[in-house]
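A.B. asks: Sequence:
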Amino acid sequence: MRVLVVRKYDDFSRILSEAGFSIVNCPTVKTVALENTSDFDKQTAALESYDGVFLTSVTAAEIFRRKLREIKHDFGGKVYVLGKRSFDLLKDESLDLFFDETANTASEMFEKIAPEALESKRFLFVRGEKSLRVVPDFLKTRATLDE
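For what it's worth, this note's numbering labels the leading residue of the sequence shown as 705, then goes sequentially.
Hints in this document: simulated from the structure, not taken from any laboratory. Some clues are possibly wrong.
Pairwise CB distance ranges (calculated) [to be verified]:
no.	residue 1	residue 2	range
1	Arg837	Lys746	18 to 26 Å
2	Glu752	Leu720	26 to 34 Å
3	Thr732	Asp841	23 to 31 Å
4	Ser824	Asp714	12 to 20 Å
5	Pro819	Arg773	30 to 38 Å
Cross-link-like lysine-lysine pairs, in silico, PhoX-like; alpha carbons within 20 Å at most [said to hold, decoys possible]:
no.	residue 1	residue 2
6	Lys788	Lys816
7	Lys816	Lys844
8	Lys776	Lys788
9	Lys734	Lys816
10	Lys825	Lys844
11	Lys782	Lys844
12	Lys834	Lys734
13	Lys825	Lys795
14	Lys734	Lys782
15	Lys746	Lys788
16	Lys788	Lys712
17	Lys776	Lys795
18	Lys834	Lys795
19	Lys782	Lys834
20	Lys712	Lys746
21	Lys795	Lys782
22	Lys825	Lys712
23	Lys746	Lys734
24	Lys816	Lys795
All C-beta atoms, glycine included, are put in the ideal place defined by N, C-alpha and C.
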């Protein structure tokens with residue numbers, strides 16, 4: 705069976721290939737950084753006020769890493785990372801990373817996080833304009849979230 709994947713080759717395509725599927729990758733979805741990052745700049749200037757950061761895309765991970773390097777900030781909070789490529793990008797950055805290789809969605813990632821790690825804490829969610837609302841919806845009754 706052939707499967708059309710509408711993004712570039714990644715772990716999802718690899719998993720399908722290993723399961724015996726014939727994969728055709730046709731990247732039709734692209735994530736790009738915002739031109740106006742003033743809100744993000746303010747949030748990262750106050751990074752020490754956050755208990756943690758959620759990154760659910762490799763683009764978000766790249767932007768966060770670039771900003772940390774730019775402001776030379778040694779963030780001591782937990783960084784929750786979804787996706788192997790995002791993890792690989794950040795694993796050498798002296799960050800306290802939470803990553804679960806079996807989680808393929810934000811919902812699956814939340815299943816792996818102990819509830820007490822989130823309760824009454826403050827988090828930054830680095831996300832795209834059109835990202836799904838899974839992280840904000842999950843955290844809205846448990847924690848404070850800035851996006």
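A.B. asks: Against each hint, give a clear statement of whether it holds in the structure.
C.D. replies: Tested hints:
no. : hint                        : verdict
1   : Arg837 x Lys746: 18 to 26 Å : holds, 22 Å
2   : Glu752 x Leu720: 26 to 34 Å : violated, 42 Å
3   : Thr732 x Asp841: 23 to 31 Å : holds, 26 Å
4   : Ser824 x Asp714: 12 to 20 Å : violated, 35 Å
5   : Pro819 x Arg773: 30 to 38 Å : holds, 32 Å
6   : Lys788 x Lys816             : holds, 15 Å
7   : Lys816 x Lys844             : holds, 18 Å
8   : Lys776 x Lys788             : violated, 25 Å
9   : Lys734 x Lys816             : violated, 28 Å
10  : Lys825 x Lys844             : holds, 11 Å
11  : Lys782 x Lys844             : holds, 18 Å
12  : Lys834 x Lys734             : holds, 12 Å
13  : Lys825 x Lys795             : violated, 23 Å
14  : Lys734 x Lys782             : violated, 27 Å
15  : Lys746 x Lys788             : violated, 28 Å
16  : Lys788 x Lys712             : holds, 14 Å
17  : Lys776 x Lys795             : holds, 17 Å
18  : Lys834 x Lys795             : violated, 27 Å
19  : Lys782 x Lys834             : violated, 24 Å
20  : Lys712 x Lys746             : violated, 32 Å
21  : Lys795 x Lys782             : holds, 13 Å
22  : Lys825 x Lys712             : violated, 35 Å
23  : Lys746 x Lys734             : violated, 26 Å
24  : Lys816 x Lys795             : holds, 19 Å
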